[in-house]
Amino acid sequence: MSWLKNAWYVAGFQNELDDAKVVARTFLGVPVVMMRHSDGRITALEDMCPHRLMPLSAGKRVGDELECAYHGMRFGVTGICTLAPGQTHIPTQACVRNYPLVQRHGLLWIWMGKPELAAPELVPDIRWNDHPAWTPSRGYHHVEASFQLSVDNLMDLGHESWVHLRTIGQDDEEVIPNYPVKVTVKGEGLLHAHREMPNIDAPPFFAMLLEHQGKINRWQTAVGLAPSICMTDFGVYPVGSSPDGAYRSHVLHLLTPETEKTTHYFWSVARNKRLGDEALTQAVCKAIEQTFDEDAVVLKIQQSQMEKFGGPVPRVALKVDEAPIRARRMLEALVKKESEDPNFVYRPQLMIDDTTPELAMV
Amino acid sequence: MSWLKNAWYVAGFQNELDDAKVVARTFLGVPVVMMRHSDGRITALEDMCPHRLMPLSAGKRVGDELECAYHGMRFGVTGICTLAPGQTHIPTQACVRNYPLVQRHGLLWIWMGKPELAAPELVPDIRWNDHPAWTPSRGYHHVEASFQLSVDNLMDLGHESWVHLRTIGQDDEEVIPNYPVKVTVKGEGLLHAHREMPNIDAPPFFAMLLEHQGKINRWQTAVGLAPSICMTDFGVYPVGSSPDGAYRSHVLHLLTPETEKTTHYFWSVARNKRLGDEALTQAVCKAIEQTFDEDAVVLKIQQSQMEKFGGPVPRVALKVDEAPIRARRMLEALVKKESEDPNFVYRPQLMIDDTTPELAMV
Amino acid sequence: MSWLKNAWYVAGFQNELDDAKVVARTFLGVPVVMMRHSDGRITALEDMCPHRLMPLSAGKRVGDELECAYHGMRFGVTGICTLAPGQTHIPTQACVRNYPLVQRHGLLWIWMGKPELAAPELVPDIRWNDHPAWTPSRGYHHVEASFQLSVDNLMDLGHESWVHLRTIGQDDEEVIPNYPVKVTVKGEGLLHAHREMPNIDAPPFFAMLLEHQGKINRWQTAVGLAPSICMTDFGVYPVGSSPDGAYRSHVLHLLTPETEKTTHYFWSVARNKRLGDEALTQAVCKAIEQTFDEDAVVLKIQQSQMEKFGGPVPRVALKVDEAPIRARRMLEALVKKESEDPNFVYRPQLMIDDTTPELAMV
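Protein chains in written order, with this note's numbering: chain V, 1 to 362; chain C, 1 to 362; chain W, 1 to 362.
Treat the hints as calculated values from the structure; they're not laboratory data. Keep in mind that the hints are not guaranteed to be accurate.
The list treats identical chains as interchangeable, and a pair is accepted whether it falls inside one copy or across any two copies.
[Said to hold, decoys possible] Straight-line distance between alpha carbons at most 27 Å, and here's what the computed DSS-like set of lysine-lysine pairs gives:
1) K261 <-> K182
2) K308 <-> K114
3) K308 <-> K21
4) K186 <-> K21
5) K261 <-> K308
6) K186 <-> K300
7) K300 <-> K60
8) K215 <-> K114
9) K21 <-> K300
10) K186 <-> K215
11) K273 <-> K21
12) K319 <-> K60
13) K60 <-> K308
14) K300 <-> K261
15) K21 <-> K336
16) K215 <-> K300
Just so it is clear, the structure is predicted and the values come from calculations on it, not from any experiment.
Could you put the whole structure together from the sequences, leaning on the hints where they help?
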């Protein structure tokens, strides 16, 4: 399947451009270089000199311009060439492409499609990464698999008992997939997969969060927002206490295709409790890093097996594939619309309504 | 040339499956996982979960079943899925292919062709690996070349003076190829190439075996059995003594194509003297390892040159190529029969008749 | 573009074949093995046994013959097989190709085209590498880019200020490309690009050569000789002194395509001053090595970007590309002539006339 082009993709964390840093990264197969200007504006340029293809990021920043490391050509904010050493006339073709880049919710967002359609209000609302009521633990994984395998993995609530046995899974007689999942289409490009696990032993990660060793109630909702953002909303609270006081996290999985076979995976785990507890912030970072390492191994194997033996996955669909398959279909429908109408833009909805948590458990 | 499919190939040594071990190996391009069950039966399954292509060998063994590392699907002896977590109905396509696997002569044998043709009596008779009158020294090499280059190399009795100068070759004024070789077709798929070298200085390896430094008589017979088993029958004895008392070895070269460009090379050097001498068993292992390392280097270069510069080998045929070329033709004839009749099975003959050693020397 | 075949290419330094050494190198995609015979003659043979493709250079030299490491076949001076162990008749096809090889100006020159056209008087005159009035500093770089990118880079006098800032470039308000370059076609396959830089601060490398820290006059002439030899003629002298006493160097860039994507870069920096100063010879070697390392990095990136993103370079032509583009056109014209007439041979002219240095500066 091809990529949805007219959409905002996460390009990085906002603070990565602090201290006049120049960040080079490939999105949807295109090498891009990003920087913040002295007036605060941010830009994303094609990371390739139009002369002899040198990455501009291999050169140096001179004020608000990028200077090529080979012949000293300089490029300004909009990608226009401002200096071609040895000549006064600058050829009009000597410019690089300029991609819309905005910052929102503590993140950088890039638009690789038609620039004139890049309305900032189309940026998905993932407020939890940058909101006073939530404290985030953030990180990044480079995944050696397509973004679709990553989305499959995040929407599938069934692999925890095996892949994450040592972290968020539980080694119980009652394996996680045996708790029923309810999959609901919430609107165009938006899907929820919800599961409740009442009265279970707390897996190690949740025991740490709750500082509680006894039985807990747990719910999880996997939210899929086309083209490639997922969120795992989970809540845990001791059996007998009120769900209103649950420790709740919004785990943001911000995926951006790098190439057909690799994916940028920015993540942010926002919690609603112990907000100022910096040690907990670090502990969550560490635990999540380990958990996503476990995913990355499985995804890389899956990608390499697909390349070696061909064909799409799943070959045989199981119940755990219900949400992944529906998420794929949602995206396919959007890609089809875009291919039929290059001016089609898709308006992402709010991923979850925090005021009505899906808590039916007692 | 394509592979002969309806044939037993060596899949490993029998004891590799001891202690509930799970062994993963690729044969004829197909990844396979092998294990021995609690009731003693052995099985070979396709090493790939039908769900998301994970190698089953990356999961764990649970009793007599294999559990996938991703979603916990379990597969039993015959390849049928016995458990799909989260659901009671198991899709009928959720099974993996099951390959006939038998043990014979201390080895595991696998059948990658039509399963219904896999009669155990078609396993080649290589009794010497596992017979009280013979003591084997065993080992394994992974060869980065096609099995055909390996067979060529084993049937060609002419490269010793150069490739194996430091081990079994001899640095003489009379190089080995100058001793005539007699090539004989012994039946369908069976070839002998025989040479006698009377009254020669003992090369280092043979001096060690005989514990004798003077002149020796030596014979060697390269036996080729389609599709890919070779045996070097050699005998050495001091000049003046009787050939009946010769130190004799059956060097079994058990080749199985892994991919088009790589080969499993199981070997077993069975001897008829000093049977209980464990130090000698080890010394032979070490010497043969070194000798076959020398072959592996040459084969890898040859394979890579063929890929780089194209075309079959030999480009120019020499006399040393007589047996290799006839062995190839024998195999081609069998492959042609199989391609014309998918139910064709080939019945391997006894490789050599020990009771009448080909000893004409005095 | 394809290679010009009927031309002498530099194959190495003459002394590389001393002490009976056997040198293996690939030219224009063909593996070649070179040696000097006991009678002083030198030969270049195809480095591949006609039997099973083994590189002859992997075998050993036996007198004036090469012996294959696999079956001991031997090949003599002209590439004819002189010995095929195990047989008296040697097949006529059992020979390897023989390439004309001559030594001139301290270098080895090979002819990969039609052998009958290989007249030694067609060897380019690069006398400065081996002439009593000049002292060379020599070296070799393996460049991971096509020879054309290397030629482009050498004919382009505009990249010094960026690529070679720490060596021969100058970090001035007046960057090098701002000094005008005059490009002149000097005859078939011969191009000059000349620049003068009067009254400049001496870059580090030139200050070392002149043992002078003040203002200098500098000129440089990039000479391009099809198919792939370049020379940078540069001169420097203190402002106020006579140009006749200038420290002058002929930097010979002797490029030979190895493959479509890699290049042999033999170099020799001949100077006209301090001829016996061995410490200076070494210092120049070291400085040039570092300078060409800087080029190699840029060329490798450019090659890999071209492979990744396609298309020829430059995408947009600048003034600095005038000489590179004209050099390419000169070579294209020769290649076209050769493709139309396989017997066409091109006669390289003298690269520069030392008696009339292009010194207009005061």
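Hint-by-hint comparison with the structure:
1. K261 <-> K182: neither (30 Å within a copy, 49 Å between copies)
2. K308 <-> K114: Answer is between; shortest inter-copy Cα gap is 23 Å, intra-copy 35 Å.
3. K308 <-> K21: For K308 and K21, the Cα distance is within 27 Å only across copies (26 Å; inside one copy 39 Å).
4. K186 <-> K21: neither (40 Å within a copy, 48 Å between copies)
5. K261 <-> K308: Result: close both inside a copy and across copies, 13 Å intra and 15 Å inter.
6. K186 <-> K300: neither (31 Å within a copy, 51 Å between copies)
7. K300 <-> K60: between (34 Å within a copy, 19 Å between copies)
8. K215 <-> K114: neither (52 Å within a copy, 54 Å between copies)
9. K21 <-> K300: For K21 and K300, only the inter-copy Cα distance (25 Å) is at most 27 Å; the intra-copy one is 31 Å.
10. K186 <-> K215: neither (32 Å within a copy, 76 Å between copies)
11. K273 <-> K21: Result: close neither inside a copy nor across copies, 33 Å intra and 47 Å inter.
12. K319 <-> K60: between (52 Å within a copy, 22 Å between copies)
13. K60 <-> K308: between (41 Å within a copy, 23 Å between copies)
14. K300 <-> K261: Both, since 9 Å and 24 Å are each at most 27 Å.
15. K21 <-> K336: Neither. Shortest intra-copy (38 Å) and inter-copy (49 Å) distances fail the 27 Å Cα cut-off.
16. K215 <-> K300: neither (35 Å within a copy, 60 Å between copies)
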